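Enquirer: Taking the hints into account, I'd like the entire structure generated from these sequences.
Just so you know, the sequence shown maps onto residues 502 to 790 in the numbering used here.
Because the hints were derived from the structure by calculation, they are not lab data.
Any given hint might turn out to be false.
[Unchecked claim] Label-pair distances were calculated between CB atoms; the ranges are:
{"#": "1", "residue 1": "Phe774", "residue 2": "Ala593", "range": "28 to 38 angstroms"}
{"#": "2", "residue 1": "Glu612", "residue 2": "Gly586", "range": "14 to 24 angstroms"}
{"#": "3", "residue 1": "Met712", "residue 2": "Lys541", "range": "53 to 63 angstroms"}
Since we're looking at a predicted model, the values are computed, not measured.
Glycine included, every Cβ here is placed at the ideal spot set by N, Cα and C.
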Amino acid sequence: MSHSDDNRVTRQVIKNFFVKLQEEGEGALVRNAITEMDQKLLDPFVLLVEFSFSLSVGYPDHPHRGFESLTYILKGGIVHNDLKGHKSIIKAGDVQWMTAGRGIIHSEYPEQEVNNGLQLWINLPSIHRMIEPKNLELSGSEIPKAEEDGVEVKVIAGDSMGIKSPCQTTTPMMYLDFTLKPGSQTHQTVPESWTAFAYILEGDEGLFSSMDSSAISAHNVVVFGPGELVSVWNKSSSRSLRFLLIAGKPISEPMVQSGPFVMSSQAEIDMAFEDYQNAKNGFEMAKSS
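Expert: This is the structure:
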């Protein structure tokens, strides 16, 4: 393991892979950045999807239970409605936290023809799975930012460069949006026991963990091993490197994800489908079939 100047251990890259663009249904384009195979490796994170969809497409009312999601809009906007009467439009730069908890039913539709964003699903410990659902929106202007030496960071969760996000997450985590100007570098502290990975949004010459590593480009996931520091350099002389650094405290409990539900066992998944069909235990708003 290499050490930075201050003797903290730099996390090494243990895996990286390119995420292909796929069509989902009619008019939706997605990149699924966390596969089922990587769910164990990336505990507490369940899914990360980069999406864009045409105006004719969206996700009509559908249920969720057992996790939290974070939707971050890069371009355009998404209209979000849930059956408890909460409606919001999240636009470029905005974030929505949704705690599905014991049950939420919502719809998501594009607000503009050109749209692009990311949705991250964060597992909940079994003791918190059935908490009351809630939504929280943060506009781009409310997300703290810092900039120094050619590095800009937006702190969506956690802390970086001396600034802290106002969000309190149920599962301790960080979600940082870094932009490194050509030739700049950053060294971010991450609690040693946490899982950490990066998802590259823009750029083609990112060096991760050491300056003699191979350059990694946009739409790659970079998974880090243990350590206290994530080190990144932008080797390009002309293009910025933009990436999300996502880290969280592993839950280390059994987890089953099936469609819109994330639970601790298959029996709980079956129960979630049954509760939704019968409009009970958190899904009372479901239209009776």
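Enquirer: Determine for every hint whether it applies to the structure shown.
Expert: So, going through the hints one by one against the coordinates:
no.	hint	verdict
1	Phe774 with Ala593: 28 to 38 angstroms	35 angstroms, holds
2	Glu612 with Gly586: 14 to 24 angstroms	19 angstroms, holds
3	Met712 with Lys541: 53 to 63 angstroms	31 angstroms, violated
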